[in-house]
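Q: The lines below spell out each chain.
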Amino acid sequence: MKQKALYLFVLIALLVSACSGGGAGEPAIVRVGWAGSPDTLNPGMAILTEAYTIFELVYDSMYDLNLDGSFTLSLAESANVSDDGTVWTFKIRDGLKWHDGQPLTAEDIAWTYNLYKDTPEYPYLNGYYTTYFDTIETTDNNEVVLTLTEAIPNIESQLVFLYVLPKHAWEGVDKLEYENTEMVGSGPFKMAEYVQNEFVRLSANKEYFQTPPKVDEVIFQTFENQDALVQAIKTGQVDMVTEMPNTAAESLKAEENIELVVGAPLAPGVTDIIFNQVDPENCPEEGGLCTGHPALRDRNVRLAMAHATDKQKLIDVILLGLGNPGLTLIPDGLGVWYNDSLTDFEFDTAKANQILDDAGYVDADGDGIRDLPDGSRPLNFRLNWPSDSLTAPRMSELLAEMWGAIGISLEPQAVDPDALTAQCCPAFDFDIMIWGWASDPDPSALLYVYTSEAVPTGSSETGYSNPKYDELYAQQQVELNFEARKEIVWEMQKIVHDDVVYIIPFYDANVQAFRTDRFTGWITDQAKVELSDVTSLVVIEPVK
Amino acid sequence: MQITTSPTPAVPSRPASGLLSFWRSFSRSRTGLIGFWMLVIAIFVAVFAPLLAPYERGASTSVQIDDIYQPPSSAHWFGTDDAGQDVLTNFIYGARVSLTVGFFAAFISIVIGGVFGLVAGFFGGRWENFLMRFTDIMLVIPDLPLTVVIVALTKPSLWNIIFVIGILGWTTTARVVRSQTLAVKSRKFVLRARAIGASKFHILVQHILPLVLPILVVQAVLAISLAILNESTLSFIGLGDPSAPSWGQMLNFAFGRGAMSVGAWWALVVPGFGIVWVVLSLTLLGQGLEQVLNPRLDTHHLMAGRPVVQKEAGAKPIQSDVLLEVQNLSIHYVGEGKAPARAVENISFTLREGELIGLVGESGCGKTTLMLALLKLLPSAGQIANGKVFYNGNDLTVMDEEEINKIRWSNISIVFQGAMNALNPVRTVGEQIGEAILKHEPSFPKDKLNARVSELLELVGIASDHREHFPHQYSGGMRQRAMIAMALACNPKVIIADEPTTALDVMIQAQILELLDTLRKKLGLAVIFVTHDLGVVAELCDKVLVMYGGVTAEYAEVDVIYNEPKHPYTQELLKAFPDLTKPKKKLSSIPGYPPRLDNLPAGCRFAPRCPAAFERCHTDEPALHAPQKDHIVGCHLAEASK
Amino acid sequence: MDRTRAILRKAAWSVFTIFFVIILNFFLFRVLPGDPARAGIRDPRLNKDAIEALRVRFGLDKPVINCFETLNPIKVGSCAVNPMETQFFIYIKNLLQGELGYSYHTNRPVVDVLGERLWNTILLIGAGQILAIVFGVAFGIFAAWRARTSIDYMAVGASLVAWSLPTFWLAILLLFWGSTIGLPVAGKATPGMSSYPLLQQWGDIAKHMLLPTLTYTIVYMGEYTLIMRSSLLDVLSEDYILTAKAKGLNTVQILRDHALKNAMLPLVTVIAINLGFTVAGVIQIESVFSWPGLGSAIYEAVVRRDFPMLQGAFLLIAVTVILANLLADLTYTYLDPRVRVE
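Protein chains in written order, with the numbering used here: chain A, 1 to 544; chain B, 1 to 642; chain C, 1 to 342.
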């Protein structure tokens, strides 16, 4: 009996010491909390932003994307392009090393680019970023010679996500199934430990050829829900959080040792209200159902609805004020590409009513809802959104009220995301949808969805078709002069804005927070906010 | 998704006879009442939502940023939620959605489960096989992934959710209904109906359904609570209908839109409280309903007993050569809100070594109560209201459990009436006998134990290899004999035998009686033999105590009882007993019924049936008179004949 | 002899049920729309060719079964297709080799993911069930023993309330409370603990496990208390308890030697059946506490519509439940000598 008690006592004592001890670190370890997790560490197969965050820290690419939207050369010390713009020669820096000590040369880069080019299953890296690759070769002078199928203006944004992999580690593996948990890279951080869906531990690469990190370790810890994140930073279990529910912003701001940063996301997304305006004659042959309400093909109707939308109210209620009113699909986070000279349609319900009256949409049967000019159908629109969104239901309630004030009624319905895709495009089996896009640093990707050729492929959700726009799109694809290209892109935005193709309610801001009593030096003065970006993580140091 | 805890209930003895009597028995269950009124409140809130809600439902453009997640205030009693809406309003309307889902989904489950159960139970054969196998399979398939599939296939709308919950919730109901149908099917009135040639459908609807309905009602109540819990879980996982603000949906929004980080506890606590309220009310209601259908005795054998009362101060002197002396023992049964039932009144008798006393009387005259009281084995409602029980000079009535445990079995053992369940079914008979021995003789050598047990079994005519068998492997008569063997295990001085040979055939009975007789002669074993077989009494007993309605009718030596019975009841008893040796005589019986112990007539308890009753018998209780030495008679007539 | 036959028959039935579930599993998840490249994000950089390539990789370009190209929408195809080239056959073949396909989301073999997560869930459920049984039985015994006293009313009342609580709600409340007293709010272990001595690691895990286990225990303890109580009440009013009392055994001896074994029997069945229903509870607890187990894996798979994961998890759970039920059946047969072979 006594023996048992003794064992118990010892066990308890050990447990207590284990609980109170733990992690008192000499090394400077930064703990970052996020509510997601990399889906895979294989850069070719990865889709989620969290994976890309890790890749940014562990790998290098030809260029770096800065927080202000500009690009700087990274692995290459110089880049030269032929006169016709199709042959790029990158001189790679000498003396570069992989985390395992092997030298990093042009060989590796060429091998990586060929890998991405030749693997059609890589969703982004093959599908989008290597589209224009023709051949990739090396020279004896540690140069990479990249030949394109045509001259493009945005080579930087095409290369920035093509993370360079070590040929010697990847040569023998199955490029699709390789989980890459060892992650031999060349970047400022090395992979130390990875437990999927729990955490990623990175240790500093003090021999990094650019600025090596001042801290010793960075740990990204996964939390299943955002509330846990907020609790974690409040109680000091993490030093920085990359996201939070907007509702927590105020209470975190009030905390003594916590500072909040709000700004455009590094990889901005766009929330959009989509109008099905596909022309029945233009209905895609394969899979097109085209059941949209005819009224939405009339610009007047869309214009009236735009005037009846109080975007600031939406921002207030849904984002708690943390966002900017939207214009077009190009978010303000894309910096210079964003056409800020455009004036939005002001919130004016009276004006909206006037527009509809003038256009002949009156309430023919006295039920409070306007009808088509010929009286055959009321302006009753189906409103769908993906069922996993918590903000869309709120938005639909507010829109129902706002548009109800101009005699439009809605049939709201949450739909399973896969079912929604099936409804959307190229089926065009809906009236109005609330959805959103992710974006690329280069505007070309988003601009594509407005083109005519995107209609049958399923990339166009609106069915919008404007030959003038198509022409400009083709132009900007090959315009090598930056200023000229920018003009074209701005012109394109003006066109689609005038045509009220979408209503963009807002651009969601990134809300992040860090503890002021742990680490200092976080980069917070840029237009874009991304504390987990490599720019911050290499310069922060422990608070003395 | 959580499981129902309702056990398989027994068949009610007769169908519910009217709403009023149902309500009366239901309202005796406190839990049921609480649950009922809680549910009524919830339904009231749901029905009158538009009148009760302070605001209109639905997000409004009149909301400002500051209105979001506001703590409770005079304007918003329960604060606001993530869209600035009034939580109280949403809570009230949420009751509608949650209750609607609950009722409709449960309805679907009950209909499916009920039909399956009825068909399986009634038609049996291949139908039953198929349906029950199907039910088993459905039980093991995890609900949630199945729900995801179905919801993903269809729109996430409220009616789809109701449908999904409904078609996944019938399995327990099917099982329960099937058991019930099986039980009812074999009842006599159903067999009769079939014999008459009634159609299957008619039998199902007219005879079986009414008896299955109560079970279904209980199941329905539980199904509603489960449906409400399931819907809230689905909403939490994001599979709910966002345009139908159930309480679960409110929690989904609150949790997903950062209520906790803001400290907006009201957005989390209030909807959850609603769910708990309704589910709890239904659970309590279900428990209450079950009490009505399957009234469980809420007493058991290990409950604390009632204190012993001894009204008469001072003990009567006890006789020294007497083993067991009972003085003026009175036993009452105490019930809530009623006058106590005077089950046994003023009984006295003595027992010497080797004596055999026969205790005779009709069923319900208090014999068993008296026997239990001797060893303080009365149920918790029983109370020794007066009197003493002396064993070897010690008063058993004032002993505590620890002291009397020493006396029990080793000195006085008891053989219960009807040994059907008197032995523990999951332990071998040998073990149980051995347990008695070891309890009172802890130092009994283990290796000799089995031999001793076998010896005891053979004493009562059971082959010793049955020692390792379980009670269900014994026949009824064997079980009775095993009980006797067990009673003898510790060589007691007194055995109380409550109708020990009633279930046995005459040959075995003779064996047992001979055994008792031998033991009496050899070891001085004293026996209290409770019986209504006067033949056995005549053969074996030294003394006889005749009881009627809980009191002494007559107490004397056996010869006196048979040859000079003074109490009219005794005389009638003797007349009623057939005598094989005498010429054929018409069987006589005593007309009337024994008295109800909670509704005793004034005066003599036998008076209503007594052929010799006169006026005084109906007003005064007779005292115990002794017309001669050692002859007690509880009758007014005996007084006169002194 | 009879008993072995009954056991074999029950085992055979379990195998049949597993077969049924396997087939059901296949068709269930083929009837759904679903694309491996969808992660709930709409991205303009994702083009049709890449999606098609992924579909080929996951074998979704093959016909579902003979005569049917796809089941949603129903597209009829050639009935002369080589059966080995159908998704169904490949599914069965993989299953026999112990493969459950590749997760759409993480691109890893489903078996790997499930295997990693399974142990975390077993740890949680194991601890929770043991505590729930221990406390449930203890409280149930007390409540039955002291029936109709205030102890009984309190125990029953508390159990009923515990049973009425939605699991996720209780989890959220406990998370909230736990964070105010310094307990970790997420995960199984503090990242980086793997370099610390084993005992410290276990202590760290124990700290993380506290709240989820507490949630689980409270939810199931109530149920067990109620069942134990009603079962024991039934048993304690049986005649053989009176016999035991008459034999001079004291209360503890009666409870221990006569009552408990009989009273535990219904509980055994319930515990086994519960295993199937535990899934939903575990999903809620794990997702609230970010516990990296099977439950949160399912939750994520649901959110991301990762059908291979859901399919694999579904199968795993169903098989576990079937086996658990079989085990309970056999245990019951072993414990109760009255059970006749049917």
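Calculated from the structure, these hints are not laboratory results.
Treat the numbers as computed from the prediction; the structure is a model and nothing was measured.
Incorrect hints may have been included.
[Unchecked claim] Here are the simulated DSSO-like pairs of lysine-lysine, each with C-alpha atoms no more than 27 Å apart in a straight line:
1. C:K48 with B:K406
2. C:K261 with A:K175
3. A:K117 with C:K75
4. A:K175 with C:K62
5. A:K175 with C:K93
6. B:K446 with C:K93
7. C:K93 with B:K155
8. C:K10 with A:K117
[What the hints assert, rightly or not] Between beta-carbon pairs, the in silico distance windows are:
9. A:T72 with C:M84: 32 to 40 Å
10. A:E491 with B:W77: 39 to 47 Å
11. A:T72 with C:R55: 44 to 52 Å
12. B:W265 with C:L24: 27 to 35 Å
13. A:S78 with C:L198: 46 to 54 Å
14. B:P54 with A:F482: 54 to 62 Å
Backbone N, C-alpha and C define an ideal beta-carbon position, used for all residues, glycine too.
Q: Would you pick out the hints that fail for this structure and give their numbers low to high?
A: Of the numbered hints given earlier, those the structure breaks are 1, 2, 3, 6, 7, 8, 9, 10, 11, 12, listed in rising order.
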